[in-house]
Every structure is written in C-alpha cells, then in structure tokens.
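Peer 1: These protein sequence lines map, in sequence, to chains E and L. The numbering used here applies: residue 1 is where the first sequence begins, and numbers increase by one. The numbering used here applies: residue 1 is where the second sequence begins, and numbers increase by one.
Be aware that a few hints might be false.
It does not matter which identical chain is used: a pair holds within one copy or between any two.
[Said to hold, decoys possible] In silico EDC-like cross-links for lysine to aspartate or glutamate, where the CA-CA straight-line distance does not exceed 16 Å: (1) K347 to D76; (2) K427 to E437; (3) K347 to E39; (4) K11 to E314; (5) K74 to E433; (6) K319 to E138; (7) K198 to E433; (8) K439 to D197; (9) K320 to D136; (10) K195 to D310; (11) K387 to E6; (12) K60 to E314; (13) K185 to D162; (14) K415 to E371; (15) K389 to D206; (16) K389 to E314; (17) K11 to E55; (18) K386 to D136; (19) K399 to E39.
Because the hints were derived from the structure by calculation, they are not lab data. Computed from a predicted structure; not experimentally measured.
Single-letter residue listing:
2 protein chains.
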Amino acid sequence: MSSTAERVAPKTLPGFMELLPNEQILFNQLADTIRSVYERFGFLPLDTPVIESAEVLLAKTGGETEKQIYSFSKGDSNLALRFDLTVPLAKYIALNRNNLAFPFRRYQIGKVYRGERPQQGRFREFYQCDIDVIGDGELSVLYDAEMPSVIYSAFRAMGFADFTIRINNRKILNGLFASLNASDKAADILRVIDKKDKVGGDLVADELKAMGLAPNNVDTIMNFISLSGETDDVLRNLKSMNIGNELFQTGVSELEQVVDGIQMFGVPPADFAIDLTIARGLDYYTGTVYETFLNQYRGIGSVCSGGRYDNLSEFYTDKKLPGVGISIGLTRLFYQLNKMNLLTPEKPSVSDVLIIPMTSELGICLRAATELRNYGINAEVYLADKKAKAKFSYADRLKIPFAVIIGDDEISSGKYSLKNLNTGEQKLMSLDEIASEVKTKND
Amino acid sequence: MSSTAERVAPKTLPGFMELLPNEQILFNQLADTIRSVYERFGFLPLDTPVIESAEVLLAKTGGETEKQIYSFSKGDSNLALRFDLTVPLAKYIALNRNNLAFPFRRYQIGKVYRGERPQQGRFREFYQCDIDVIGDGELSVLYDAEMPSVIYSAFRAMGFADFTIRINNRKILNGLFASLNASDKAADILRVIDKKDKVGGDLVADELKAMGLAPNNVDTIMNFISLSGETDDVLRNLKSMNIGNELFQTGVSELEQVVDGIQMFGVPPADFAIDLTIARGLDYYTGTVYETFLNQYRGIGSVCSGGRYDNLSEFYTDKKLPGVGISIGLTRLFYQLNKMNLLTPEKPSVSDVLIIPMTSELGICLRAATELRNYGINAEVYLADKKAKAKFSYADRLKIPFAVIIGDDEISSGKYSLKNLNTGEQKLMSLDEIASEVKTKND
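Construct the entire structure; sequences and hints are all you get.
Peer 2: Listed below in structure tokens is the structure:
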C-alpha cells in the first residue's frame, strides 16, 4: 500500500471486551476452572452455532430482549445471533431427543450477543457458562438441589470464600399472589419488592398500596418478604402463614426438599439462604430459582443465576422436557473482579522458561527447548537478534519466571545456566535438573 | 403454551456444525491438544470479538471473500462477522502495539464466518486455530523455521504419524515470473500450475502456451515445477536454473535458511518437503508459505496452512509489522476425520464414574460423589427414580467406564461396589481404593 489516505483507524467496538495477553491469561484461568468443575460433575460438552434461524431463535422472545437481538438477512435467510445459551439448548434437545440419554446433563461455555446500550461493565458480546439438566417427561427435584452444589464448587475453585447462593421457588410467589387475587399484578409487585434492599420496606409498602392492593394484602406481602434468617425458620414461618393455596403449598414443599438436598450435597449452611424476593424474570422459570452474591462485592449483582423450567422446548415440540440450570456471566464477572484487582494468576505467563541463546550454536538451544517441552514445560526460544538487555526485558514484560541462558561456555560444560528471574539467582544445571527445578517452582 | 399451531420446527442452519455429545468430546479433545501444543511453545492467548466494525474488517478485503462476509447494521453502526483471525490480529496489534512485547507470539482458537454455499465438508461457521509471531519493524527468518516445528508437534500430538509439511517461498515464484516478463500473468499461471497434480504436466504445459507464454518460458516454468525430491537437491537445482532476478535469489536464500532451521528445530526430514507449486493466494503472503497434508488422506486438502507477510497491519498503521503464522482449520479437519472414523477418544465419557444409589440413604451417595471428586475423579450421581436397568443403560449410552453401586448392604459394610462396566467385574472397595482403581484404568 503506497498511500496513507486509504488507512482505516483501528478500533474495537464499544461493548466488546478485548483483553491484553496478561488479562487474557487470567480470563482463561477462570473459564478453565469453571469448565473443569462442570466436568467434575459429569456435565457433557455442547457447542451450538452463534447464528441461528431468526424464526427458531425468536420463537418465544418478545419485548425488551427482542429489541436487543442482532438479526439480519443473508441470501433469503433471516438470521439472528444467539442472546443466551438456553434457547439453543431447547432447540438442540427438541432436535436430538432420540439420540440423547436422559437426564441430559450438559455444559456450554460460549459467547452470546445483546445489543444493549454500552455502559461500564455491560457488554454486547459476553460469555455465559451454563449447565442444565433436562429430563424426558419428568425430572426429580433432587437435580434442583444439585445446582447449588455445583455453584458452590465452582466459586470455591475460583478462589471465593464468602458468597451466598440465594434460593426461592416461583410457585410460592405465584401461589401467594393468587391467594390475594393479585395474579394480574404479579409483574408489578415483583418489580416493587425487588427494590426492598435499595429503598427500604416503608417505600415498598407505600408503592404496593399505590398499586391498589388492599391494606391487609400489603401487610401479607410485607410480612412474607420480611421472612429471613435460618432456612428452617423461614420454612416454618412460611407454613404458619396459612396461605390456603395449593401452588403456594407445593412451592413450600419443593423449597423444603431443595434445602434438605442442598445440605446432603455438602453445601455449608453459611453459603446458601432462602430469599423470598428473588423471582428471576416473569415467564421463564416455574419452580426453584437461584441467585448468587459475593458478599464482599454485593454491588456486582448476582454472579450466577438460574432456575427450574417445566417445559424447556415447548416452542419446538409437544414433548414435556423439564429442566433446571444455572449460568455464570463470565465476561461481567471477570470485568468486575479484574477492575478490583481481585484476580491472581496461578501462572503469571504461558511460558515457564525463556531460552536465551548467547551463542551461534542455535541448534543446541532449539534442542534444549524441545527437551524441556518433552518434560511438560512450556518453553520458547528468543530468536530475534537483539542485545542481551532486550532479551531479558522481553522475559520481564511477559513475567516469564525462568531464563535458560545458553552461551559457548555452557555448551562446553554440558550444563546450562538457569536464572530465576524473580530472585536473580543463577546456577549451572543439566536439562533434567532444570526441568525438575522449574516444575517444583511452578507447583 | 396451549396450541401446537404456534410451534416452530426446530432446525440448525445448513453449513453450521452441531455435534452430539460423544462427537463433541472428540472435537474438544482435538482442540485441547492444539491449544496445549501452542502453549507448550509459549504462544499467548488472545480472544477478539466475533463482531467488528465493517470498515475495520473490510479495510483490505475485496472480491470473493467480501461476498461471503456476514455484514449488517445495528443502530447506526455497520458491522461484520470476522471471516478469519488474521485481520482481527492486524487490528489488535495496530491498536495495542505499545502494550505488547515483541516478537509478539499469540494463539487464537475461535469461530469465523463465511457465507459460502453449503456443501459437504464446507462450513459457514468454523473454528480456526491460529498462531502468529509478529515483529516490530523486523522479524528473523528463524521464526519462519519455527512454524513447521509447531505444526509437527501439533499433528504428532493429535496422533498423526504420516504427514508432510510443504514449504515454498513467494519471492521465488514472483521472481521467476518477473524474469519471464510475465508478472501480469502471475495469477493465471499459479492457478494453472496448481492443477498439475490433478491433470498432469502435459495439460498444464498446453494451458500455459494457450495463455500466450513463449515456448521457452513454458519450458522454464515446467522445468521449475518439476523440481522435487530431497530439499538439498531442489535447492541445488533451483540455483542451477540461473534465474537472473534478485527477488528469485532472495527467495531461494530464504528457503534455504528456513529448511536449515526446520532441521535444527528437530522436524524429521521425512515430514517436510519443498513444493514449488504452493502459492497460498495472491496478495497476502510475501515470503515463506506452508501447506500440510495427511499423506494417507490427501483428498482432505491442506490441514494446516500459512505463511510470512511483510506488513501485517498496513491498512491500520504506518508501522512495519512483519509476521509469520499458520492456521489449522479445525472444524473441517474434525469433520473429515470423524467421517472416516479416525478419531479415538482418550476418554470415552466426561464422567469416570456413575454413582448408582440403591438405597434411600441418598446423603451417603452424595458424600461419596464429593469425596471421589476431591480425588480428581469426574463423578455424577444418577438421581432419577428409575429401575436399575435404566440406570445402567444410562451409563452404557454415555460410555461411562465405572459404576459405584451403593445399596444398604454396602452402607452397612462400609465399602462400595465398584463395577467395571466394560468387563462386568464387580468388587467391594473403600472409596480411596475405588479412586486409585479408577485413576489407574484412566491413565
């Protein structure tokens, strides 16, 4: 290209995360940890297309989500980018039901797309890390109890000690509103009570009254959402409310089973709680719902949410396919943790060793690299013709912990100089000694 | 949903790969192997957005590729889906040059999009697995020699023994055509000689004559493309052609250095060869080019290609950023290998163990699962209320190698029944005995 006039200013679109390598290493560490926990629990991998037929993807959607969807045409096809991993799963199971073993346990870690107005901490392209268990016709509520144990393991593995998995059951909410003859106001009531933490109980009560609810019904709701504390107490208090509604009773009974199950699954009582204000959107969930908060960083919002749905694939098939699942919004989680400097690398660099040739006998340096790699060590050779200072500065910028310096002296001695780039310590060693030294320091 | 009339037939778009779980396990195994080799050589991870500004993405493109690009508008932005990982890399480096250490070594494994006409084995969404090394201002030709050693390691690690990395240098081709005063016909000549394997030398010579090339020039070209065999012989013969063109001579000299380097990097002579017919498209590459063929499956075409480019980011910056890279087209490679049943799983299932409760003491079964997971074993518990036959059939369909059967007898004995589901052998063991037995069989 001869003229600069044709150049385009390089840019990455707002709302799209693009990391520097040292940040990407941290991001991948989180993603790998989550994947490894999901596999530890036996979830099967799945990878569905980012692009789907618009008709398929939008079979259910409406309202706010639909406006955010990236949709377009190519040839005579109407296409759309997936906005979550649940709708593609619903399609996948409807399509492949005869080839799957049920209960079908799958995880998927992938990018999804929502054309939200970009703002700090909100992304238009972001990773979701989902697990779901789908039953063919029926699904034991025990699987609802298993989800928190996976959440617990995942957040522990990511290094968090202080978090709370909050649990509720949509049947309790729906049953309560039905018993108050307020089912038609459910959406508004939920929106109002969701603000309780922020605005306080008095304002919530005022707003509920302003919606036209009878004072005794407002009292019932305020009494209901004030129930908190030990799960046993909440459950006992829920029962003593004497709500004469079958759905409510079913919800309480399911919640009790889930709470019992969670304890059997080994989640410590301190790490989960009943939170009767959690609803997770209006249409989707039909039973258990989850949200997860890092207690020291409540401002981040829920870092892992999900719930039970009776009919995953109802828009694609008449088969009843109940499921339960959770999702970690990894991009947002990473963004917040990284901003607060809460992430520490298990390994600061990809390479464990930088081999620095100080000789014209390059073949010996390259063979040393191959040998170290065969020992399971990540090794690269600095091949550019630069001064020694530039070579060490490269290792420094990449935070590579060790240099192996190979000069003519080393070659004649049959040993190589291993330099610990953190301590500055340097010693002559054979390659297998180097390998075990590097491995020891890495562990 | 009450009416079936509103249902949408579930489908996945043609040209989009969507695998069953057992295939996805194999796919991930290949991807993980490639990633692990790339990291073994110290390449840094990168993850750029799937969506870019159309202006940025299409700064260079034209012709056939541009027609295949998925582009669309959202709000007042013109957007496009990436069609390779090289253009996003060019943008990334132009944008982040001051924050990167050079030579910058990065890998990226991600999906790219091309709206090709779908046909067997061609995909509109496919994974590329790229590595590139980019220099700031200059880049030693030794990095050209390193690429084949990474290809060699990756394909060996994927289980292939018989492949050939074919190498050429664009300067040789361009210099030859210039010396024949046929630079304006270069594209056509390359297209014709590329068919030599298929149609034979005579037809190629006829077509070259029909293009208006003088008979002695056709002879020179036919002589040139017939050079093959040992790399030393090809290089000697190239020199003895006495082509009086500086570019040609530079190309031969670079090719010689690369061939020398490849051997120093430890790639066996049987696994690479000079192939003077390889050009890899017209505009992009400026020096070394690579293609890789699985010798028993030549019909698949090149499974790993790439080359050297003098000015990676020329459409975004006036900085000279020479680079060299290769790409494995993973989706296509997987498709072909899977179709031929050439892939064998390292592990047939995600779960190593299915825990089958035959008791109402579910807590004991769940604790056993947690303990096995703490030993590093992937374990799931079958929680659905089904007959024993259904439970074993589930393990069978998922190819889970072991079942741990926990009934009331086992509980009272303090040991559990480990059943090897391949041999049918069953014995009572403690959990730590089970853990070591399962681990032994997995290795």
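Peer 1: Each hint needs a verdict: does it hold in this structure or not?
Peer 2: Going through the hints against the structure:
1. K347 to D76: For K347 and D76, neither the intra-copy (49 Å) nor the inter-copy (42 Å) Cα distance is at most 16 Å.
2. K427 to E437: So K427 and E437 pass the 16 Å test inside one copy only (11 Å; across, 41 Å).
3. K347 to E39: So K347 and E39 pass the 16 Å test across copies only (12 Å; inside, 22 Å).
4. K11 to E314: between (42 Å within a copy, 14 Å between copies)
5. K74 to E433: neither (59 Å within a copy, 58 Å between copies)
6. K319 to E138: within (11 Å within a copy, 62 Å between copies)
7. K198 to E433: neither (60 Å within a copy, 53 Å between copies)
8. K439 to D197: This pair counts as neither: shortest intra-copy Cα distance 49 Å, inter-copy 49 Å.
9. K320 to D136: within (7 Å within a copy, 59 Å between copies)
10. K195 to D310: Classified as neither; 28 Å inside a copy, 58 Å across copies.
11. K387 to E6: Cα proximity of K387 and E6: none, with 36 Å in one copy and 70 Å across.
12. K60 to E314: Classified as within: same-chain Cα gap 9 Å, cross-chain 46 Å, threshold 16 Å.
13. K185 to D162: neither (36 Å within a copy, 69 Å between copies)
14. K415 to E371: within (14 Å within a copy, 45 Å between copies)
15. K389 to D206: Neither way: K389 and D206 sit 70 Å apart in one copy and 58 Å across, limit 16 Å.
16. K389 to E314: So K389 and E314 fail the 16 Å test inside a copy (65 Å) and across (29 Å) alike.
17. K11 to E55: Intra 33 Å, inter 10 Å, cutoff 16 Å: inter-copy only.
18. K386 to D136: between (64 Å within a copy, 12 Å between copies)
19. K399 to E39: Only across copies: K399 and E39 sit 15 Å apart there, 30 Å inside one copy, limit 16 Å.
Hint check: violations occur at hints 1, 5, 7, 8, 10, 11, 13, 15, 16; the rest are consistent with the structure.
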